Structure formats: structure tokens, C-alpha cells
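Chain by chain, the residues:
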Amino acid sequence: MSMLRAIFSHASGRIGGTIVVVYIIIALLGMFDITPHNPLQQFRIDRLHAPNATYWMGTDLFGRDVASRLMKGIGQSFLVGFCAVALATTAGTVLGLTAAWFGRAWDGLVMRVMDVLLAFPAILLALLIIAAAGPGTWTSVAAIAIVYTPIFTRVVRGPALSIKSREFVDAARTFGSSRRYILTRHLLLNLVAPLTVQVTLALAWSLLTEAGLSFLGLGTQPPASSLGLMLADSRNLMETAPWLLIFPALAIMISILGFNLLGDALRDILDPKTRSRPA
Amino acid sequence: MTTPLLSVSDLCVGFGRDPSKNEIVKGVSFDLAAGETLAIVGESGSGKSVTALSINRLVDFGGGRIIGGSIDFKRRDGSILDLAQAGEPVLEKIRGSEIGMIFQEPMTSLNPVLTIGTQIEESFRLHRGLTGRQATAAARDALDRVRIPDAARRLKYCPNQLSGGMLQRVMIATALACNPRLLIADEPTTALDVTVQAQIMALLGELKHETGMAMIFITHDIGLVAGIADKIMVMQAGEAVEQGQLDQVLDRPQHSYTRHLLSAVPHFESGRAARADFRREKAKPPALTVDGLTVRFKVSGGLLGRSPGSVHAVENVGFDLMPGETLAIVGESGSGKSTTARAILGLVRPTRGRFSAHGLTERAGSVADATDPATQMVFQNPYASLNPRLRIDSILAEPVIAAGGRITTETREKMKALLKRVGLPEDSLERYPHQFSGGQRQRLCIARALMLNPSVVVLDEAVSALDVSVQAKVLELLVDLQKEYGLAYLFVSHDMAVVERIAHRIAVLYAGQIVEIGDAASVLSNPQHSYTKRLISAVPSIDRRNQHFELDTRQVPSLVRPPGFEPPEPQWRDFGPDHRARAEA
Numbered sequence: 001m002s003m004l005r006a007i008f009s010h011a012s013g014r015i016g017g018t019i020v021v022v023y024i025i026i027a028l029l030g031m032f033d034i035t036p037h038n039p040l041q042q043f044r045i046d047r048l049h050a051p052n053a054t055y056w057m058g059t060d061l062f063g064r065d066v067a068s069r070l071m072k073g074i075g076q077s078f079l080v081g082f083c084a085v086a087l088a089t090t091a092g093t094v095l096g097l098t099a100a101w102f103g104r105a106w107d108g109l110v111m112r113v114m115d116v117l118l119a120f121p122a123i124l125l126a127l128l129i130i131a132a133a134g135p136g137t138w139t140s141v142a143a144i145a146i147v148y149t150p151i152f153t154r155v156v157r158g159p160a161l162s163i164k165s166r167e168f169v170d171a172a173r174t175f176g177s178s179r180r181y182i183l184t185r186h187l188l189l190n191l192v193a194p195l196t197v198q199v200t201l202a203l204a205w206s207l208l209t210e211a212g213l214s215f216l217g218l219g220t221q222p223p224a225s226s227l228g229l230m231l232a233d234s235r236n237l238m239e240t241a242p243w244l245l246i247f248p249a250l251a252i253m254i255s256i257l258g259f260n261l262l263g264d265a266l267r268d269i270l271d272p273k274t275r276s277r278p279a
Numbered sequence: 001m002t003t004p005l006l007s008v009s010d011l012c013v014g015f016g017r018d019p020s021k022n023e024i025v026k027g028v029s030f031d032l033a034a035g036e037t038l039a040i041v042g043e044s045g046s047g048k049s050v051t052a053l054s055i056n057r058l059v060d061f062g063g064g065r066i067i068g069g070s071i072d073f074k075r076r077d078g079s080i081l082d083l084a085q086a087g088e089p090v091l092e093k094i095r096g097s098e099i100g101m102i103f104q105e106p107m108t109s110l111n112p113v114l115t116i117g118t119q120i121e122e123s124f125r126l127h128r129g130l131t132g133r134q135a136t137a138a139a140r141d142a143l144d145r146v147r148i149p150d151a152a153r154r155l156k157y158c159p160n161q162l163s164g165g166m167l168q169r170v171m172i173a174t175a176l177a178c179n180p181r182l183l184i185a186d187e188p189t190t191a192l193d194v195t196v197q198a199q200i201m202a203l204l205g206e207l208k209h210e211t212g213m214a215m216i217f218i219t220h221d222i223g224l225v226a227g228i229a230d231k232i233m234v235m236q237a238g239e240a241v242e243q244g245q246l247d248q249v250l251d252r253p254q255h256s257y258t259r260h261l262l263s264a265v266p267h268f269e270s271g272r273a274a275r276a277d278f279r280r281e282k283a284k285p286p287a288l289t290v291d292g293l294t295v296r297f298k299v300s301g302g303l304l305g306r307s308p309g310s311v312h313a314v315e316n317v318g319f320d321l322m323p324g325e326t327l328a329i330v331g332e333s334g335s336g337k338s339t340t341a342r343a344i345l346g347l348v349r350p351t352r353g354r355f356s357a358h359g360l361t362e363r364a365g366s367v368a369d370a371t372d373p374a375t376q377m378v379f380q381n382p383y384a385s386l387n388p389r390l391r392i393d394s395i396l397a398e399p400v401i402a403a404g405g406r407i408t409t410e411t412r413e414k415m416k417a418l419l420k421r422v423g424l425p426e427d428s429l430e431r432y433p434h435q436f437s438g439g440q441r442q443r444l445c446i447a448r449a450l451m452l453n454p455s456v457v458v459l460d461e462a463v464s465a466l467d468v469s470v471q472a473k474v475l476e477l478l479v480d481l482q483k484e485y486g487l488a489y490l491f492v493s494h495d496m497a498v499v500e501r502i503a504h505r506i507a508v509l510y511a512g513q514i515v516e517i518g519d520a521a522s523v524l525s526n527p528q529h530s531y532t533k534r535l536i537s538a539v540p541s542i543d544r545r546n547q548h549f550e551l552d553t554r555q556v557p558s559l560v561r562p563p564g565f566e567p568p569e570p571q572w573r574d575f576g577p578d579h580r581a582r583a584e585a
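Chains W and B, in that order, give the protein sequences.
No gaps in the numbering here: position 154 of the first sequence is 154 in UniProt numbering, and each next residue is one more.
No gaps in the numbering here: position 508 of the second sequence is 508 in UniProt numbering, and each next residue is one more.
Honestly, the hints are just simulated from the structure, not real lab data.
There is no bait here: all hints are sound.
Here are the simulated lysine to aspartate or glutamate pairs, DMTMM-like style, with alpha carbons at most 25 Å apart: (1) B:Lys-473 - B:Asp-251; (2) B:Lys-414 - W:Asp-170; (3) W:Lys-164 - B:Asp-393; (4) B:Lys-473 - W:Glu-167; (5) B:Lys-416 - B:Asp-427; (6) B:Lys-473 - B:Glu-484; (7) B:Lys-483 - B:Glu-281; (8) W:Lys-164 - B:Glu-461; (9) B:Lys-298 - W:Asp-170; (10) B:Lys-93 - B:Asp-82; (11) B:Lys-208 - B:Asp-150; (12) B:Lys-208 - B:Asp-31; (13) B:Lys-298 - W:Asp-107; (14) B:Lys-298 - W:Glu-167.
Given the structure is predicted, the values throughout are model-derived calculations rather than measurements.
So that you can see chain W by itself, here it is in the shape it has in the complex (with noise of 0.2 Å):
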């Protein structure tokens, strides 16, 4: 409840908070299919018609309803951002945990794959394991994840290594705490603030990445929606139909800045440094 608060009076928190907190509403109705019209109906009569009062962006090539499709496409590349980086948040603390604990060997093996795969445009890694694994929405969520889950590895591992070193560690050392309690509520407890910020930035990316993806015609599959999908299909339509190109464009880049104002303000609130100076 302090932290809702604490985002909501800070200059960016409030607006990246309130951005956020609409996309997930209608990500949401978008993936229980609570919307306008439904998005797979085509109006035969209404092809390509312009935005008015009951086509609230207008339609497509195929009559079907922009605004109903953009919500289901919200919903669907919430749904791969959010499973991705579920999935690349979970390895990466993994790994970051256990390569700053055991060192060594581990470490070096763990941080050297994690360099190779930063090495690799996230986008075109992306692409590798997909062209492997073949395209679908759960490929596209693999794919995402395995790209960022080194970020959140060297994200983990750092402060994880200056926090073994800490005194409170050698208490729970000399009592003998078990390996597990001292990982989890001595170092995975402390590292909660770093992991919250990176969390947000990453939704951000990895929305743009699936976005990337379906344009490519690689993530999800037609006739089904998502961004992506709907700005590749609007290529073709830019001068006669603008509306299709607009909307799913704005809502990528809308998005994309909530997450990202919104991460900025947790790093402000979650630092201890710039916690109490004057904004």
C-alpha cells in the first residue's frame, strides 16, 4: 500500500502508474473477450471504413473491428510479455544467485553462456530460436525469455556479491543456516528492489520484441491478433486506411513509455540514495 502511494506521488510514477494500470485492464478484457465487437467478425459492408460511432478506430481490409482487435492483440502480447519475463526473471535470479554463491567454476560457466548471449541483438537471437523451434505464441514467450534472461542474471549476481560479503551472511554462516534460508531471506530479500525496477524495463522490451516478432510474422499467428500482426497487415493500407497503422502504433509506443516512466520511478523510490533528497 506505502509503495502504491509512494509511486503515486512521484511525477512519473503517476503517469507511467495510470498508463499501466489501463493497458492491464484492457489487456485484460481484450483476453476474456469482453470487447466491442468480436474480433474475428467480419462486417463485409464496412471494409476499411473510417473511425465513427460504432467503429470506434474504424476496420480493416477484411471488415473486422480495429478497436476490438486491438484489445484482444493488447491482451495477447501482454500475455507473451508477461509470461516472458515471468520465465526470464525466475532463471536469471537462478542463476545470478547461485553463480555469486558458489563462484568459481559455476560462476564462470553460468556468466560466460550469459556473455555469449548478450553477444547476440536481442531481436536477432530471437529470431535464431524461433527459426529452430518454429513460429506460435509459445515459441515467441521461450524466445523472449531466453533473451533476457541474462540481463536479469548480471542484474542478480552483482548485488548478490557484495551482499555475501556482508556481515549479517557470516552471522547466518556461524549459526549454521542452511544454504537455502541464507539464498533466500538473506540475499533474494535484499535484491527485491533491484529485481522490482528491472522487472518493469523488461516488460517494456519484451513487449517490443514480441511486437517485433509477429511483424516479422514469427510470434502469433493470424488470423488471431496482436500488435505486431496489425501493424504488418496495415503496411500496405498506410495511404488509404491510416487508422490501422496509428492505433496499434501508438499503443506499442503508449506502452512502452508507461513501463518505462513507471520503471524510472520505482528507481527512484527503491534507491535508498535518492530516497529522501529533493525530487
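Once you have looked at the hints, place chain B on chain W.
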């Protein structure tokens, strides 16, 4: 009457967005004549550093603002300038050339990637316009002046190649580079060992006589200023509660807080104040026996990955500790005293040696991972030894859970009883560590160590980070707990005055080896080994204020030995029923 060099009147300094609401220094006034030394004494948070930093206005960079009063400084040309009103360009000229400053931590005050020569020369270039060879020569003279042997060669050293004491000398040399008329020293020796501290204090005293500069010396240790100050100002909560001439304040303190500080400072009394409430009985089994403890760390980075040797951090240390007894391990940093403590608790893997706690568990060096609930530890830094994200009940529960126990109502009752016993409110259980002060946190650590009814408690510099008055209370608590539970303490410390208050026996560690061990009163009153003598003569004390410290530039020998090196068997000499020292070559 001539005007004083520095005249501060009614200085108020505040911090934060609204400085007048967050006042740290509340109306401090003092005068300082040329050549005089003023010591500002106070506990942490008393505003002593802020007062000093306001004089050269470095306080502005820390987010502080002067909200009232004046700081009249007589400049070299005779004009008087109010530093509280002066603009940044004027201040830049004054800092360094007319007001020098030394900080607490010499390791972090120097740039690690530049040679110390470059850094001293910078001061000459900026303020005196010297260049090239002239500047180098001036830097060499500056190092000579602070008695750094072999100055010409040391100029090419980087800070990491010099010890803390040497670095502090370099800092003093830099501060004195332009013959400032006022030197501000902010706890310049707090981060240093006692013997090094004594050297720096002696050096500052000599330099004061040589140059005739005025000095403001900030410290929390009222015993330290006795040898150097002319005047003392005692600060408490932002106010100067007492000021006056040195002897007057020390011998006839007027304010109750000054009296309190003076009584809280552990006076070193050469063994006369040692505890005499314990008699060793030969028949009883010792609570802890350490035999031939050796810890070596391999040095890496030799040719082709071969280790060029190892650091012999602890070498063949042995002692036994009776129930109810305190053995103090004293020595300076790098002497291996903390390593000894950590090895006993299994935090460091010993190379050799065996411990037995309570005559029951016999542990050889190789299986030190198994921890023993009979031995517990209290760490030095109370801010780092409690997990900030756990509530106090979870913190106290940890040893119980680690020992395989469950948290029952009984455990909670025990937690409450222990909290009460160490002098903390019962509702502490629902709070977090940051809601407690340093002294309270150390009490929490003590309570945590007692959760499993240990027989031995290792106290690693457990009171060093605390303010003197808090320190005295925690020591009192430790003595009471020892009597109540029959605890055996292994008290690791560098502070001889504290050790005198709590120890029954003392082991002096030097370069990883015990050089003298025995009855506390006997060791402190009649030290035999030259190192023990040096350590004891370096202890600052109010009573010894007129004694002169001898400058001593000896350094601790390197502990790195070639592979396979075994030190010769030590020769011991007895100096009483329970007092022996290592024979010296």
C-alpha cells in the same frame, strides 16, 4: 587586543530542502588565535564535523546551508573576510592555500590511479604556480617534512602501495603544501591503528610547532586531544555545551555532559583497572581450547600461475578459555586477530590446528564447516550484521531455525526475555533493524548470539563502532551477562583501554603470532615483548597529556612467505604464574 585568526559567532547550519527546520548546528561561537589548537569533541551526530566543514564551506557540497551567524577569517594580507557570506571563487582561493584540510579516511581521499607525487604537485601548481622540476622538488620537501623515509622514491608510488599511516602523512603533506594558516583535521586518526595514530598525533604536534599554524581538530575521543589541544569545545546535539582551556575542561568540567563524556571514556590505567573477579581453576575443563591454529592464504599471480607463496595470516596460535573468563586478543590491523576469531567460527578454513569447545566437540581444521551452537559471534559493525529486510523476530529466530528448531510460543517468550535482558523494549520484535540506534543494534546482536545458550561468545571488535557513552553501557551489559550465564568471551579488540575494562587475560597478536599472553593486570602493567610495550605506550590518555609521543616509522613486516616455509619453533619466557612472552632475537 589583536583580532583572532578565526572568529565564529552564532553559527547555524541546516540541511535539506528547508534548512531552518533541520538545524544541525545551533548557534556555535568560538575564537581561534594564530598558532592555537582547538579540539572539537562530541559523539556522532553532535554536529562537530558540520561545524568544521562550514568553516571552509565544504558543507555546501554536502547539501548543507549556513542559515545564520558569521565566520570571520583574517586573511594573509590582514583583511577580514566573512566566510559565511563569501562567494565560491573566493573560497576556492582560500581552500588549500589558507585553510588546509585532512579527512578521516586516507584510503579514499587520494585518487588511486595517480602517483602521490602528481597529487602533491597539483597543490603546488594550483596555488603557488610552480611547474615541472620546481613542483617535484617542492613535493619531495613536503614528504620530507611529514617524515616519510625515502621521499624521492615514494613520490612515484600509487596510493595502494602505501599503508594507511603513510597515506595519512601524504594527506597532511598535501594539506600543508601551501603553508595554510589554519588546518582542519576531521578525525584524522580514527581509521588508523593505535600505534600509527600515536605517530600521526606526534607528527601533527611537531608540525604545529614548526609552522605556527592554527589547527581545528575534530574527534570523538576526548583522550586523544589531551596531548595536542590548547582549547576544547564539547558539542552535543548541535550546541557547544562547554568550551575553555584544555586543563580547565579536563580537570574541572562544568557541564554535566562533559563530565559524562569524561567518565564514559575508558581511561587506560596500565592494568590497575583490570578485572579481578575470576580465578582460574585447573580442574575444570576449558570452554574452548585452540591448539596450533594456522591460517594461510595462497597468493596468486605468480609466473605461469604458480603461487609465489602464501600469506601466513595466523601462525600456530593456541590458548584455552575457561567458562566465565574473558580472553582479549589485541593487535593492530593485519595482525591476524579477526582471522583467528573467524577461523574458530568456521568462517575461514584453517590450514592446520584443532579446536575443542566445551571438551565435547573435537574439530580438526579440515571440517570447520560444521558449526557449533556452543560458539556464537557478535560482529563489529552493528549496521551490517543485521539483515535490513528482516523483522527482529525473524532475526532472533534464525539461530533456532538453523539449529533445526521450530518457532514456538516458548521461543517467542525466550526472545522477549532476552530482549528485556539486553535492555530493549518488548515490542522490538515487530520492528525492523533501521528503527534502532547503533548501540541498540549491538544489543540485538548480543541477544541473537544468546538465543542458543552458547558457552563461548566471540566478540569481534564488538564495541569499536559505538560512541563512548554507548560503548560503556554495552561493556557493562557484557560483564553482567557473563556473570549471569557463565559465558566465556573471546574479545577481539585494538583498543587497550576497552580491553582493560573487560579482559581477565590478554593475548597480544603481532604478525599472526601470539607474542605475549597472560593475566591482564600483569601484561598491561608489566609488558615484556617490545611490541606490547609499543602498543601500550601508544594508547592516548588524558592522564598522560604531557608525555611526548616518540615518532616511530617502523612498519609491520610482510607476512608473505615462500611456499613450504615453516616458522621456527618459538621460545617462550615466563614472567609470573600466568604471563609469558616470546623471546626476541
